[in-house]
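Engineer: Chain by chain, the residues run as shown.
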Amino acid sequence: MINRKIVLIGDYSTGKTSLIRRFVDNQFSDKYLSTIGVKISRKNILSSEIELRLMIWDIEGGTEAKPINNTYLIGAHGCIIVADLTRKQTIENINIYIKHIRDISPDAPLIIALNKSDCLEDNDTKKILQTVIETYDDEASHIYVTSAKSANGVEVMFNALAENTL
Amino acid sequence: MYTQNILNAIYANHLYEYCIIDQNFNVIEHSDKVFNYYSKDALKETENSIFDLLPELFGMEVQLQAILDGVQTSLVIPHIFKEPDYYVNILIHAGEKEHQKNISHSKHNPQNKKLILLLENVTEMTNIQQRVIQIANEKALLLQELAEKNKQLQIFNEHMQELVDEEIKKNLEKQKMVELQSRHSQMGEIIGMITHQWKQPLNAINIIANVLKLKYHKGTLNSNVFDSKIDTLLKQTDYMNETVDVFQRFFKPSKEKVEFNLFKTIHIILNLLEHEYALKHIHLVLKGDQAISVYGYPNEYNQVILAILNNAKDAFLTKPHDTMHIGISIENKDGKSLVTVTDNAGGISEDIIDNIFDLYMTTKSQGSGLGLNIAKSVIELSMQGKLSVENVENGAKFSIVL
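Note that the protein sequences, when read in sequence, are chains E and C.
Going by this note's numbering, the first residue of the first sequence is number 1, and it counts up by one from there.
Going by this note's numbering, the first residue of the second sequence is number 1001, and it counts up by one from there.
With the rest of the complex left out, here is chain C (with noise of 0.2 Å):
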């Protein structure tokens, strides 16, 4: 028989090579090539047991005897990697000597009973599909690694919305914590601003209330004396009364937009403040059109100038010289009102001059950064008009349109 030699020569032209093993799992048969897929050291040893030369068979014993006794027809494993780099299927069926497949006393004998294993090299295809497969994993990777970013971002965007909140409420409660400590600073200067004012009349009244004591135990007090020293007393009241009204006007937020007479209000606040400013020799001087009337709110619109005049007088605190000077003028400019406040207080940095209304914007230790900032939104937001500010010869100079 050629068998053999016929099997040699189809396996030679195709990616097959086979073995034959008998019931003892010794090889008995095999093609030439079929080394390449046996295991190096059991060659060296001259092994012929199946479990040393295929090591993948290595606990299918029960498998490999359920097809010998044709309990089971065949067994594959596929992929099976063999060094240096090839893939392997491993077809394993059952088979018979030929020449005794016909005579039926042997045809049950286990001594005729045989395993063929084909060995199909797959390395062509493993490769292909290897790469398939890696690209197919490294994109569900990916996708996977993008949900899960996905998911991280939708917890993230939840707690930061957790976190924008908290720090609103934060920043809320800091907002009314400086707005009532820019209060308590407003009254102070509003209680020092009445002090000023308060101080005159009450020098004279003190002196008159002397006066009329000492001619009263004099025996000097006469009607006329008394009835003129009493009026006195009373106009003093009067002004005293009168200052604390105006304070409490100018303070009180105005209810509705009215019309108002520019130079009129200013004139208000700058009687209340002359005396404090002349006291620190910051010299005061309303000029300009006193018939421009204005539709807006008059005590929002004095405190502006009044935050106006308050930083003026703050810069030339830091650096106070001979001639402070405080100028307002008042005029109509293409059919608007233009009121212009301007210092020589020296003028404003130029790196924070674009940043002068921001809120919480100040250069002052004790300063709140809101004066400036509510003064802008009075003119602009309540009022629909304009507040600006740029540096002039030696100062600063702030405008108000209307």
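So here's chain E without its partners, still in its complex pose (with noise of 0.2 Å):
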């Protein structure tokens, strides 16, 4: 069995629980709950016929008035920066995690995933989709449109980013 930290991180209320929540015990609430510190869950999978126990941190989102603590990005093996498609400022500030996880793991392959596809239509989801892969193709091994209530790409994501830490 393999260990690998996976961390999400981004804006506030952008879901990254939600879709830990979903991929860990396939559940879903619409009541947000913000998240304080960093909650750690665990699901084991099997990845290119390799046993993998994924430690994903949740960690709090960034606000304005308080950043993310780097300490808490240490390690990592992969990371998933959580950005929301009905509000345009959490994709602006990708970038911004960007730098943060370069900043400690250089390496670490490094998701996008544009979450609550299931708040806008599919066009309106496909511009900001093309506009982020213009920005962001350079930074990010993948970018998803994810949404936790729905399910849609939200496996495909873990296990895509758990295959990029092999």
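These are computed hints drawn from the structure, not numbers from a lab.
Among the clues, some could well be false.
Stated by the list, open to error - Here are the computed lysine-lysine pairs in the BS3-like style, where the Cα-Cα straight-line distance is at most 30 Å:
1) Lys127/E with Lys1139/C
2) Lys1082/C with Lys99/E
3) Lys1139/C with Lys66/E
Said to hold, decoys possible - Derived contacts from chain C toward chain E, CB cut-off under 8 Å, selection only:
4) Gln1063
5) Ile1067
6) Thr1073
7) Val1076
8) Pro1078
9) Ile1080
10) Phe1081
11) Gln1134
Said to hold, decoys possible - In silico negatives: residues of chain E with every beta carbon more than 10 Å from chain C:
12) Ile36
13) Ile45
14) Ile50
15) Asn95
16) Arg102
17) Asn164
Ideal Cβ positions, reconstructed from N, Cα and C, are used throughout, including at glycine.
Mind docking these for me? Both chains are given alone in their own frames, and the hints should help you get the complex.
Structural biologist: What follows is the structure in structure tokens.
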């Protein structure tokens, strides 16, 4: 069994906790409860015939007043930056989180999750996705459109990141 | 040494637990209740590796080694959630056994290097922070949503203005079209009236022409007969000219307000209409004070009378009966002129009587809904009078006050 530390970062209320809950427990709740500090969840998966124990760090969302604590990023094998498709600012802030992760774990594979796709029309999502691809294609190994509510893109995203950490 | 007992006693009354780990990252000493924070799975397997007991440290080997080597003084990992509902801060410092501290040759012995991990229970404080941050984040989300809605509203308003302008343009075009149709319809009516007016003189001219032709061929046309017939012909053509002049005057907009006699003015329109109405068996009667004069636009006033009469005529055509009658009465009331047009065409439905003067309000399949609306504008806006309607016995009564 190989341990892998995966961190989820991004602005507050972008759905980091919900994505983890969907992936680990296959559950979802509409209620917003802000995360303080960090919560660590575990899930064992099989990736490329290798047993992996993912330790998934759900890190308190950053705000203008309180940026994320870089200590949490130490030793991360992979990172998911989560943005909310319905909040432009959370997408514009992706570059701030890229800098955080690159300062601490320069080689960790990085994925961008454009979450809450269930709240947007497909055409609007496509437009945003296109812009994000044009802006961050060099930085991120993958960019996924996800919905913790509908489970769209969640499992495939975590599995892809796990595989990238090998 | 009673160090551990002393520490246990101190930590028993505080929010701290501790453990000491060696250079291989194995736990070699700890306080009694530190198990509360250890991974339950690791405890079952009697592990003593700190990375199994505290998986939060996994991946931080480099930093721990740096502390052991004295390169880094400490490390703090704040606010770690532990099942079932604790929050702890993990504080990591370097440490050495006390009795060896003063022995110089062993001071740098790696075997003596240890790490002290303090686990501070910050549950209460973190829960308070959580509530504060929750409120702050919710407020920030609401403000963002509000800003977004305001932006959308602004875009919507800008777009709405375009839509309104477009609709106004369409309505103006539609209104122009309806007015054009209405004018065409009015012209048709005028031509109809002129036709009625001209029928009689044309017949007379036709007869005279035939008589002249006959007498000429028979050789009985003398100068007296010829002059007499020509005079009659000229009278008829004069009458026809006069008819056209009257229509031209009637439909030509008045340029300025003048004083005009109500009876004479209304009489003109009745003259124009009497043939057509007689053919439809509608009896027109004008009565009242013949001396009343008012100040305004006479042609427009008569067009109002025409619109009201047409309205009555159309009502009669829908429900004809044997005694179709329209009475026009002129009187002076409280120092103002009052002209009433009363018919016995069955009256106006109570459902629509309050909206009868509205633009595009019509009950007729071919109606424009402009006639009575324009009539009200003419009387009330152009001449500062009052045009109203009410139902009376078996019919409707329009009242014009000037």
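Engineer: Look at each hint and say if it fits the structure.
Structural biologist: Going through the hints against the structure:
no.: 1; hint: Lys127/E with Lys1139/C; result: holds (28 Å)
no.: 2; hint: Lys1082/C with Lys99/E; result: holds (29 Å)
no.: 3; hint: Lys1139/C with Lys66/E; result: holds (15 Å)
no.: 4; hint: Gln1063; result: holds (6 Å)
no.: 5; hint: Ile1067; result: violated (13 Å)
no.: 6; hint: Thr1073; result: violated (14 Å)
no.: 7; hint: Val1076; result: holds (7 Å)
no.: 8; hint: Pro1078; result: holds (6 Å)
no.: 9; hint: Ile1080; result: holds (6 Å)
no.: 10; hint: Phe1081; result: holds (4 Å)
no.: 11; hint: Gln1134; result: holds (5 Å)
no.: 12; hint: Ile36; result: violated (5 Å)
no.: 13; hint: Ile45; result: holds (16 Å)
no.: 14; hint: Ile50; result: holds (17 Å)
no.: 15; hint: Asn95; result: holds (19 Å)
no.: 16; hint: Arg102; result: holds (16 Å)
no.: 17; hint: Asn164; result: holds (16 Å)
The structure fails hints 5, 6 and 12 (numbered hints given earlier, in ascending order).
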